Each structure stands twice: as C-alpha cells, then as structure tokens.
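Chemist: Given the sequences, and given the hints that come with them, work out the whole structure.
First to last, the protein sequences are chains A and B.
With our numbering applied, the first sequence corresponds to residues 1 to 95, in that order.
With our numbering applied, the second sequence corresponds to residues 96 to 588, in that order.
No lab work stands behind these hints: they were computed from the structure.
Values in this document were obtained by computation on a predicted structure and should not be read as measured data.
Among the hints, a few may not be true.
Claimed, not checked - Stretch by stretch, here's where chain A covers chain B in the computed footprint (C-beta under 8 Å, at least three residues):
(1) 121-130
(2) 149-163
(3) 221-235
(4) 360-370
All residues carry an ideal CB built from backbone N, CA and C; glycine is no exception.
The residues making up each chain are set out below.
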Amino acid sequence: MATGDFDVHYVAHLARLKLCPEEERQISDQMGDILGYIEKLKEVDVSGVEPTAHPFPLVNVTRPDVSRPSLPHEDALRNAPQKAGGLFTVPKIVE
Amino acid sequence: MEYEAVIGLETHVQLKTKSKMWCGCANSFGSEPNTNVCPVCLGMPGVLPVANAEALRLTVLTGYLLNCEIPRFAKFDRKNYFYPDSAKNYQLTQYDKPSTANGHVDFEFQGGTSRVRITRAHLEEDVGKSTHFERNSGVDFNRAGVPLLEIVSEPDITSADMAYEYLNALKEILQQGGVSDCDMEKGMVRCDVNISVRPKGTKELGAKIEIKNMNSFSGVRRAAEYEIARQIGVVSKGGKLIQSTRRWDDVAGITEEMRTKEDAHDYRYFPEPDLMPFEPTDEWLAEVKSRVVELPSARKARFMTDYQLPAGDAEVFKANVELGNYFEQIAKQAKNPKAAANWVINNLQAKLAETNEQSAQEQAAMGLEPADMTLLTLDSLKFKPEQLLELVGLVEAKAISSSAAQQVFAEMFETGKAPAAIVQEKGLAQVSDTGAIEKICDEVIAANPGPAADFKAGKVAALNFLKGQVMKQSKGKANPGVAGEILERKLKG
Numbered sequence: 001m002a003t004g005d006f007d008v009h010y011v012a013h014l015a016r017l018k019l020c021p022e023e024e025r026q027i028s029d030q031m032g033d034i035l036g037y038i039e040k041l042k043e044v045d046v047s048g049v050e051p052t053a054h055p056f057p058l059v060n061v062t063r064p065d066v067s068r069p070s071l072p073h074e075d076a077l078r079n080a081p082q083k084a085g086g087l088f089t090v091p092k093i094v095e
Numbered sequence: 096m097e098y099e100a101v102i103g104l105e106t107h108v109q110l111k112t113k114s115k116m117w118c119g120c121a122n123s124f125g126s127e128p129n130t131n132v133c134p135v136c137l138g139m140p141g142v143l144p145v146a147n148a149e150a151l152r153l154t155v156l157t158g159y160l161l162n163c164e165i166p167r168f169a170k171f172d173r174k175n176y177f178y179p180d181s182a183k184n185y186q187l188t189q190y191d192k193p194s195t196a197n198g199h200v201d202f203e204f205q206g207g208t209s210r211v212r213i214t215r216a217h218l219e220e221d222v223g224k225s226t227h228f229e230r231n232s233g234v235d236f237n238r239a240g241v242p243l244l245e246i247v248s249e250p251d252i253t254s255a256d257m258a259y260e261y262l263n264a265l266k267e268i269l270q271q272g273g274v275s276d277c278d279m280e281k282g283m284v285r286c287d288v289n290i291s292v293r294p295k296g297t298k299e300l301g302a303k304i305e306i307k308n309m310n311s312f313s314g315v316r317r318a319a320e321y322e323i324a325r326q327i328g329v330v331s332k333g334g335k336l337i338q339s340t341r342r343w344d345d346v347a348g349i350t351e352e353m354r355t356k357e358d359a360h361d362y363r364y365f366p367e368p369d370l371m372p373f374e375p376t377d378e379w380l381a382e383v384k385s386r387v388v389e390l391p392s393a394r395k396a397r398f399m400t401d402y403q404l405p406a407g408d409a410e411v412f413k414a415n416v417e418l419g420n421y422f423e424q425i426a427k428q429a430k431n432p433k434a435a436a437n438w439v440i441n442n443l444q445a446k447l448a449e450t451n452e453q454s455a456q457e458q459a460a461m462g463l464e465p466a467d468m469t470l471l472t473l474d475s476l477k478f479k480p481e482q483l484l485e486l487v488g489l490v491e492a493k494a495i496s497s498s499a500a501q502q503v504f505a506e507m508f509e510t511g512k513a514p515a516a517i518v519q520e521k522g523l524a525q526v527s528d529t530g531a532i533e534k535i536c537d538e539v540i541a542a543n544p545g546p547a548a549d550f551k552a553g554k555v556a557a558l559n560f561l562k563g564q565v566m567k568q569s570k571g572k573a574n575p576g577v578a579g580e581i582l583e584r585k586l587k588g
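Modeler: As structure tokens, this is what we get:
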C-alpha cells in the first residue's frame, strides 16, 4: 500500500496528537512501512482459519462480584492537574 | 399526504451489582465524589480489567427475559474517543460479538399486545458524571466502570405513546427480573431515541434523527411527540431532513440540533487485548436460566385466567409482585378469588401503605434516613394469609356485615388475633333477627324525622342515611339488606 493512502493528519487528529510537518512526514513514512508489511501478510491464505479475538487460548476469566475498598480520596485526586470540590476539573465541556 | 413515524430506542440500564464491571470499587449511588474509584476505573497506566461474573450473568439473564438468542461466543472491544468523562479515553463495550441478540418484548398497548423486536442487549461500562460550572466542568468518576447494559430495539415503534409503553414494560421486566433497580431519579436508565418519518405505507426509511441522553420516560414521550410533528412539518412542506443529533430541552419543550462535529465519529473499534473472550458453558447457562422469573405480562394473563380477576386487579398484582404473591397464597383456597383480591388490594394494601407512611414520618422525626427505616412488609404482618381468607369467608357467608368486617380487619392487623375470635369478643356477628333490627329502625326513624319525611316525599337517597344510622346503632352488626327492607316497609307503610 502506498504511503498516500494513509492520512497521517487525520489519524493524528483522532489521537489528539499535534505533529509538526517534519514529524508528519517521518511518521507517514514509518506507518507506510508497517502497512506495507500488513499488505504482505494479506497474501497468506487464511481461508479455513477462524478469526481470533485474542491470541491466548483462554476464556471466561472473571472475578466474583465483591466490592473492596477504593483509593483514599486524596490519592485519587493526587494526579489531577486541577481539582475543586472533590471533582477533577477540566475546561468547560460544551456540546 | 399522511406520514408515519419510525422509532427505535437504545436504552442504557445500570446493572444491579455490588461492585463495578472491571474492578472492586462499589457500584453505589450517592457517595461523595471520587470516593468509589481506583487505578482501574481512573484509567491509570498499567492496570488490568477483570470482568465481573455477576454482570455477565445479569446480561445473559436479560437476554433470556427478552427472548434473545445467547451466542456461545462474546467479546469486548475498545471504542476509542476523547471526552473528559472517560478517563481511559476508550469505553469497553461489546461491538460485533454481543452476549445476546435477536429477542423481543411483548407489551400491552391500546387494548392489544404489541411486539418490539430487540436487536441486541450488550454489556459495556458507564462513564463518569460531569457537572458544568461557569468557567469549567467537574468530573466525578464514581459512576465510571459501572456495568451498563445497552438494549437496542429494532425500529418497530410507531408513536410516542408506544415508545412510552415499551419503556415501561422493559423497566418492569428488568426490575422484576432482578437485573436493575431502574431508579430513574438515580439516572439508572437513560435512552437515545432514533426517529424518522415516511409517507404512510412506504418501506424506505427517512433520515434518522437521534435525540440523545433522555433520562425520563415521560420526557421520551414528549420529545418524540414534538420531533415527529416537527419532521412531518418539514417534509410535508417539501423540505429535506438530514441525519443528525438533537437534544431535548425539557423546559422549552423542543428539540434542538446539537453542534455537528466536523468529522464523523470514527471510534476505531478493536478487540480489547486485556480481556479474554467469553464462552458460556451449558452448566453456566442453565444456572442463569434458573433465575428467570415469570414475565409481568404472562403473570397478568395468568391471574386473569386462573382466578378470573378483572384486568384492573391483575394489573395491580403484575406491578406489585409481593402483593401478587400474597394473593396467590390464599387465592387457590378462596371460594371467591375476586372477593379475596378486593380485600388484598383495597384493605390490606391501603392499610399497609397508611401504617408505613405514619411509621416513616415517626422515624424521620427521629432523624432516620429512608434507607435505615424499618417498615412493615407483607412477610412481617401480625396475622397469617389464611386468617385474611377466613375473614373473607365470614363476609361471603354473611356471618358478619362488611362494616363489621372492617373492624375485624383493623383488629387483626393490630393484634394478629383470629377473625372468628374477634367477632366473638366484640359481638360482631351479623344480626339478621328482624325483631332486633326492627326495634333499632323504629328508634332511628323517631330520632330522624327530617330524613324520614324526605324519603316519604320521594328522596330515595335519604334511605341510605337512615340505613347508616341503623348500622351505627347496631355497631355494624345489623344485616344492611334486612335493615333497608325494614326501613322501607316502615316508611312506605
């Protein structure tokens, strides 16, 4: 697949990454290489192979419905860049 | 041209679990902000989610209650987006392999039974709750990671009223099925409503307009009413509708378009690598199936057939499961189940409500929160169901008058004594002895010349007053039928 099929600008926006033109060029090339590799994988005949959701052969990993103590409130908010009234505060969300 | 509405609903319901979906934080409403949080539900790097077994069971249980197929393989996916109420920057959900699919809900609507097909009910996680202030927004992550079921209907709904009835039926099934408390006040149920209109009789669907995040059923009904009329207004004038998202303004009573983002949503779903797929075994499914309760609509129909109850009574027992169970304890032995139903609904239910209301007021005065109050339940009554049946039997056999029966009931509610003993003790056995009643009638007529004259002058209602006086004088023991006959004979004669 050609590099041009990969819209690095769009994908960077979805990931909320701000890239300078130099980075965009560089990442675009790198992603192009990766996609080229994927294209190559597509050549393998996988008809008759069940698609897998997980490479590890394990299912039904669960825990019992039991509640246990949460983080102390101060610890929970310790990483918050901004807080007020016990809440994480963020720039106003307007739809 | 005539138009018809096509409505589909996506209903989000919080599951009734003790802990959250992926971590052991409490799933409880009303805690101080950010106190039921941990590294997993705060989306800290390096943490691993582990699925709550009960949430998976409740999801499949819902599938059974909604007549769904239960696929033998389900998995979770990441839905990627950035929003402050989602700390992980993705939501875990079942994208292409949900736990349940292809079901239906049958419910009463406009005198008949309507069916809405269920596309799927899949398990996902709730997000945090935002509060908006003057300059910024605050986020509480207590709700983040609470197990959330999304129930997607097919676009089988054709009116605002039908949407309302569907939601009520769904809520009743989920509550009685033990899946969710569905407490609207606590935001446990939220809906997205998809509405389009098309010329009546045509097949092609119109542009789909979504009204997001409704938190009351009456709001859904009002919003749908408004939106259907608005859309018909646009297309009938030759206008064109485009697929979009709107918000319901409950105060203004209108829907308004939400700002459309420049780029369409691109959630880049992919299988969650930190969770293993889910493959229910026969044994596991059988265990879940054993928890399936009788559906409310089936229960109502059964009460009408088995006990010959009118729809109104059966409806009461459908909505109030405990009361219905109580009735069933005596209904099978009752000679007249309808009379027993009347007593359970009109007397027992009312007395219980009245007693508890008073008791709640007293406990509130002592500073107790509603959750900590001790209230009377049908299981903790002083008398046994058979005793109520006995009382109904006494009335039916005309051994006591209905007003005496009220006294007996009040006494057995208070003390738990057997009805026959109360009748004996208080001397309430109905007097059909005409001699005794005749004497009271003479006294009543003499003491109330006005009403007696009124009746003679043709005012029929005056007889009821006099009859009431006879009942009063006899302390409720007189047979009212006999009293009426005697009074009438005396006054006319």
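Chemist: Now tell me, hint by hint, if it's right for this structure.
Modeler: Here is how each hint holds up against the structure:
Coverage of the segment 121-130 of chain B by chain A holds. Counting CB-CB distances below 8 Å, 6 residues qualify, and the rule asks for three or more. Coverage of the segment 149-163 of chain B by chain A holds [criterion: at least 3 residues with CB-CB distance below 8 Å; count 3]. A stretch counts as covered by a chain when three or more of its residues have a beta carbon under 8 Å from one of that chain; for the segment 221-235 of chain B and chain A the count is 10, and the coverage holds. With 5 residues having a beta carbon nearer than 8 Å to a beta carbon of chain A, the segment 360-370 of chain B meets the requirement of three or more and the stated coverage holds.
In this structure, none of the earlier numbered hints is contradicted; all agree with it.
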